[in-house]
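So the protein lines, in turn, are chains A and B.
Position one of the first sequence corresponds to residue 1 (my numbering), numbered consecutively onward.
Position one of the second sequence corresponds to residue 1 (my numbering), numbered consecutively onward.
Calculated directly from the structure, the hints in this document are not laboratory data.
Here the structure is a predicted model, which means the values were calculated and not measured.
Every residue gets a Cβ at the ideal spot worked out from N, C-alpha and C, and that includes glycine.
Check each hint, because a few of them may be wrong.
For lysine-lysine, the following DSBU-like pairs were computed, each having C-alpha atoms within a straight-line distance of at most 35 Å [said to hold, decoys possible]:
| no. | chain 1 | residue 1 | chain 2 | residue 2 |
| --- | --- | --- | --- | --- |
| 1 | A | Lys353 | A | Lys179 |
| 2 | B | Lys111 | A | Lys26 |
| 3 | A | Lys424 | A | Lys353 |
| 4 | A | Lys574 | B | Lys111 |
| 5 | A | Lys789 | A | Lys400 |
| 6 | A | Lys399 | A | Lys424 |
Covered stretches of chain A (in silico footprint by chain B; criterion: 3 or more residues with CB under 8 Å from a CB of chain B, positions within the stretch not fixed) [stated by the list, open to error]:
| no. | stretch |
| --- | --- |
| 7 | 200-213 |
| 8 | 481-487 |
To spell it out: a stretch of chain A is covered by chain B in this simulated footprint if at least three of its residues, at any positions, have a beta carbon under 8 Å from a beta carbon of chain B; those stretches are [unchecked claim]:
| no. | stretch |
| --- | --- |
| 9 | 499-513 |
| 10 | 718-731 |
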Amino acid sequence: MTETTSVLGGAVRRREDPALIRGTGKYTDDVNPTGTLHVAFVRSPFAKAKILSIDTTAAAEAAGVVAVYTAEDVRHLGPLPAQVPVRPRPLLADGQVAHAGEAVAMVVATDRYLAQDAAELVFVDYEDQAPVIDLKAAQAGDVKAHDDMDSNVIISWAGGPFGDEEAIAATRAGISAAKEREDAVVVSLEMTNQRLIPTAIEPRSVHAEWNAGYGEFRVHSSTQIAHALAGAIARVFGLANSAVHLTAPEVGGGFGAKLNIYPDEILTCFAARSLGRPVKFTETRREAAVSTIHGRGWVATATITGTRDGEILGYELEGVADMGAYTQNFTAAIPFLGLFIGSGQYTMPTYWKVDCVLTNTVVTDAYRGAGRPEAEYYLERIVDAYAREIGMDPADVRKKNYFDTFQDAISPIGFAMDTGDYAKNLDALLAFADYDGLKADRDRMRAEGRLVGIGLSSYVEVCGFGPSGLAELGFSWSEYNLPSSFNGSALLRVTPEGGATLSIGTGPSGQGHETTWAQIVNRETGIPLDRIRVLHGDTKDSPTGIGSFGSRSLAVDGAAAHEASQKVTAKASKIAAHLLEAAEEDIRFGDGAAHVAGSPDASVTWAEIAKAAYQPHLLPEGLEGSLEAHALFSPGNATWPFGSHIAMVEVDPDTGDVTLLRYIGMDDCGNVVNPMIVDGQLHGGAAQGIGQALHEHGIYDDMGNLLTTSLVDYLIPTAATLPAFELARTVTPTHVNPLGVKGIGEAGTIGSAQTIVNAVVDAVAHLGVRHIDMPLRPKRVWQAIQDAKGA
Amino acid sequence: MDIHMTVNGEQVSASVEPRTLLVHFIREHLRLTGTHVGCETSYCGACTVHVDGKAVKSCTMLAVQADGADITTIEGLADGDALHPVQEGFWERHGLQCGFCTPGMIMSSVKLLEAAPDPSEREIREALEGNLCRCTGYHNIVRAVEYAGARMRGEEPAQPDWEVN
Numbered sequence: 001m002t003e004t005t006s007v008l009g010g011a012v013r014r015r016e017d018p019a020l021i022r023g024t025g026k027y028t029d030d031v032n033p034t035g036t037l038h039v040a041f042v043r044s045p046f047a048k049a050k051i052l053s054i055d056t057t058a059a060a061e062a063a064g065v066v067a068v069y070t071a072e073d074v075r076h077l078g079p080l081p082a083q084v085p086v087r088p089r090p091l092l093a094d095g096q097v098a099h100a101g102e103a104v105a106m107v108v109a110t111d112r113y114l115a116q117d118a119a120e121l122v123f124v125d126y127e128d129q130a131p132v133i134d135l136k137a138a139q140a141g142d143v144k145a146h147d148d149m150d151s152n153v154i155i156s157w158a159g160g161p162f163g164d165e166e167a168i169a170a171t172r173a174g175i176s177a178a179k180e181r182e183d184a185v186v187v188s189l190e191m192t193n194q195r196l197i198p199t200a201i202e203p204r205s206v207h208a209e210w211n212a213g214y215g216e217f218r219v220h221s222s223t224q225i226a227h228a229l230a231g232a233i234a235r236v237f238g239l240a241n242s243a244v245h246l247t248a249p250e251v252g253g254g255f256g257a258k259l260n261i262y263p264d265e266i267l268t269c270f271a272a273r274s275l276g277r278p279v280k281f282t283e284t285r286r287e288a289a290v291s292t293i294h295g296r297g298w299v300a301t302a303t304i305t306g307t308r309d310g311e312i313l314g315y316e317l318e319g320v321a322d323m324g325a326y327t328q329n330f331t332a333a334i335p336f337l338g339l340f341i342g343s344g345q346y347t348m349p350t351y352w353k354v355d356c357v358l359t360n361t362v363v364t365d366a367y368r369g370a371g372r373p374e375a376e377y378y379l380e381r382i383v384d385a386y387a388r389e390i391g392m393d394p395a396d397v398r399k400k401n402y403f404d405t406f407q408d409a410i411s412p413i414g415f416a417m418d419t420g421d422y423a424k425n426l427d428a429l430l431a432f433a434d435y436d437g438l439k440a441d442r443d444r445m446r447a448e449g450r451l452v453g454i455g456l457s458s459y460v461e462v463c464g465f466g467p468s469g470l471a472e473l474g475f476s477w478s479e480y481n482l483p484s485s486f487n488g489s490a491l492l493r494v495t496p497e498g499g500a501t502l503s504i505g506t507g508p509s510g511q512g513h514e515t516t517w518a519q520i521v522n523r524e525t526g527i528p529l530d531r532i533r534v535l536h537g538d539t540k541d542s543p544t545g546i547g548s549f550g551s552r553s554l555a556v557d558g559a560a561a562h563e564a565s566q567k568v569t570a571k572a573s574k575i576a577a578h579l580l581e582a583a584e585e586d587i588r589f590g591d592g593a594a595h596v597a598g599s600p601d602a603s604v605t606w607a608e609i610a611k612a613a614y615q616p617h618l619l620p621e622g623l624e625g626s627l628e629a630h631a632l633f634s635p636g637n638a639t640w641p642f643g644s645h646i647a648m649v650e651v652d653p654d655t656g657d658v659t660l661l662r663y664i665g666m667d668d669c670g671n672v673v674n675p676m677i678v679d680g681q682l683h684g685g686a687a688q689g690i691g692q693a694l695h696e697h698g699i700y701d702d703m704g705n706l707l708t709t710s711l712v713d714y715l716i717p718t719a720a721t722l723p724a725f726e727l728a729r730t731v732t733p734t735h736v737n738p739l740g741v742k743g744i745g746e747a748g749t750i751g752s753a754q755t756i757v758n759a760v761v762d763a764v765a766h767l768g769v770r771h772i773d774m775p776l777r778p779k780r781v782w783q784a785i786q787d788a789k790g791a
Numbered sequence: 001m002d003i004h005m006t007v008n009g010e011q012v013s014a015s016v017e018p019r020t021l022l023v024h025f026i027r028e029h030l031r032l033t034g035t036h037v038g039c040e041t042s043y044c045g046a047c048t049v050h051v052d053g054k055a056v057k058s059c060t061m062l063a064v065q066a067d068g069a070d071i072t073t074i075e076g077l078a079d080g081d082a083l084h085p086v087q088e089g090f091w092e093r094h095g096l097q098c099g100f101c102t103p104g105m106i107m108s109s110v111k112l113l114e115a116a117p118d119p120s121e122r123e124i125r126e127a128l129e130g131n132l133c134r135c136t137g138y139h140n141i142v143r144a145v146e147y148a149g150a151r152m153r154g155e156e157p158a159q160p161d162w163e164v165n
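With the rest of the complex left out, here is chain A (with noise of 0.2 Å):
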């Protein structure tokens, strides 16, 4: 039933940890060289506002103060680059401020807290406007973000399927057919997916230096794509990709807030080169929450029309989703993600659409799941609304109304999905979570008049970024100075006494790629693990690469690893057969040397084929020097990972608290390579979607101040909110990488949050509850069954 053993590898403990364990790992604010100037930026306090001056004068004669630049100084060098740049924004203010937090002057000094004393001094002269923040009013449009803006609408993503307006049009009409049938039955509801701050713990930071004799900038960054902002300050500077030498050090958490290129990162380089010394920039918290982007912030309304016995006919999403003041790296592209899996695991008729509105607050973009979870949110909401209003158990609507078992399926929102295998997993969680005796348990609770519910939800995702013709779709690295495209990259060199480097094209931030890479070589040359060292996220090992992000990095980049593998288990087959005067097909890897297969005492270890490839005498006619391989992956598809999970909940009648009792998930990620690091991006991936479910939530008032920006203010989860996770999987490989790997980063989150509002729900439902908006705290859920009481 289920299968928690790896197929490839196992849960070797992570060759990261013992610099982390001991505080001797270096994250970017750890660099700090001497004479390294410290940057503080001057914030807008008003979200949308005329600047009609700005006088430095004073900043400018403080104590340890070296410059003040404003837009004057930075205009020349243009916008901030971005990926999809439909509304790019300047790299300080220039004349209009868009959002609260908004950048317009900064300052570089000596030492941080004398940076910090002189931005205060920076007088700034605005005239504030009336902002748009509220979502409909933006979708409205009588006030807009940008005065030279028609409209606050920049972009619409429908389907489906997507990309047909004809086929659009006959989808809604045998929706609205279907509605119109005697037996039909339409459920309907209006729901928030709140914005969110992505908070990782180690707040953004960049140091950078300028060497002009060799015409090069030296750049440490917390980001999550190396590669990609070297060739954006390249790109940016006028200069070759070459000449920007980008590490991402220790990454102290991304969750896609490291997926972006920022205003800072830009000022900061060229205020160390304007300078000629070394210049930091690393945000407080309080500050993070405006200078680093924002997740979700939709609002929509989700409405499935089905049978009284349980067949979905027909499912609509129409919504909105806030961009905020700009576009940054991917901004309006998060919502075509979730458009991706619009319509599920389900076979249904799909209409789906999402207006995407510029509002005056922070910037949103890539956060954990990115738009997948927004629409798994409301999916699965509804359908758990639909099985409650038919008074069906939710998983038989859900086994209802799955796909079969499939390889290579279109989905109704039109796309080619890779393989699944539904009813099987949710099946497998029914029964190793004991759904009958978790419901029996819920029963005999509610008894003694408690209210404990038990929320149950699916989930596809669609990762593992992907497919080169990507490009095609809009996707364009271009502005980085990079080639369109999402293959992975790793380049495998035997090192001369036979151990092995791999330089790979990801920069994890705590997801274990140095050793799950490590492994996938050891597996494919038998070189030991301790041999192997796996660099990342600095440009001048890794030849090319676009990241981490959208749970690609094993999927695509470690696809990468075990081509490059396979290649120089090739040419090290040829070093081998010369050496052993054996036939090169005879030949077998394993133990760090290689073998004859049927000759048990024949073999050569990797540091004599190494010694071989490095001294060409040594080596078969016509057999070059070396034994290295660079491998580009592009798979055939993303990949199409799904779950289901189910959590137990009870809420305090008196105060309206939520307790989560349990969490079971069964996910499938097809193979696994180290079941230790699957299991940890589960638990951390539901963590964040639990969070969204009871906790977070990033608050603007009317005048589009930020309400939460710190940590007192903005809750993430603590250890004593939640529970122990009790997971298990099934396996089914995909057949879009030679490992079958999914990407499992994301998939927590994505199948989390609404598996908790479900639970909510039923323990309050017969109160007469039907929804209530995220985040469920406790003012919300008493308030919730007070006015359900009332009616």
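Given the coordinates of chain A, assemble chain B onto it according to the supplied hints.
Coordinates of chain B only, in the frame set by chain A:
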């Protein structure tokens, strides 16, 4: 102001501005960068160090307040090559991912186990409420502390979860 303290067993003296935070003194003057700054407001706990035997969030203490104190940072926890059992627990039970909260989490866990050598899961969770982690969902942090507790009591730690289910 001139200050003197013992940090990881070594005497240090320095002249600092009165407003210098202890964490900045540790990181920038002493160049012990294992202690991290996550929020500057004592919510996240990434900056936790031991001051005179207590777990303290060093971002909300002034360096001058630590004058004369005996301080241990994450760099001073291991005994040479021998990891502290809590460090070993975090490694063995995958109690960290990005590692940024880890030094503070480990320093708090050490004090937790000194106060309660055999804590329940609930006690561990409540004791670590002041240390935020965004990567692990805390599951394996709890397991890491349980592992360390068992080791420190001379018992065999429980099997890892990934070998049980």
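- Task: Could you grab the alpha-carbon distance between Lys424/A and Lys353/A and see if it respects the 35 Å cut-off?
- Result: holds (31 Å)
- Distance restraint between Lys353/A and Lys179/A, which requires alpha-carbon spacing of 35 Å or less: The given pair, whose Cα atoms are some 19 Å apart, holds under the 35 Å limit.
- Are the Cα atoms of Lys111/B and Lys26/A separated by 35 Å or less? Satisfied, since the Cα-Cα distance of roughly 25 Å is no more than 35 Å.
- Message: Would the hint linking Lys574/A and Lys111/B be met if the CA-CA limit is 35 Å?
- Response: violated (58 Å)
- Assess, step by step, whether the Cα of Lys789/A is no farther than 35 Å from the Cα of Lys400/A, and give holds or violated. Holds - the C-alpha atoms of Lys400/A and Lys789/A are around 34 Å apart, at most 35 Å.
- Message: For the stretch 499-513 of chain A, count the residues whose Cβ lies under 8 Å from any Cβ of chain B; is that count three or more?
- Response: Check passed, 4 qualifying residues.
- Task: Assess, step by step, whether the Cα of Lys399/A is no farther than 35 Å from the Cα of Lys424/A, and give holds or violated.
- Result: holds (9 Å)
- Item | Coverage assertion for the stretch 718-731 of chain A with respect to chain B, Cβ distance below 8 Å, three residues required | Answer holds; 9 residues pass the 8 Å Cβ test.
- Query: Taking a Cβ-to-Cβ distance below 8 Å as contact, does the stretch 200-213 of chain A have at least three residues touching chain B?
  - Reply: holds (count 4)
- Item | Given coverage of the stretch 481-487 of chain A by chain B, checked by CB-CB distance under 8 Å (3 or more) | violated (count 0)
When held up to the earlier numbered hints, the structure conflicts with 4 and 8 and fits the remainder.
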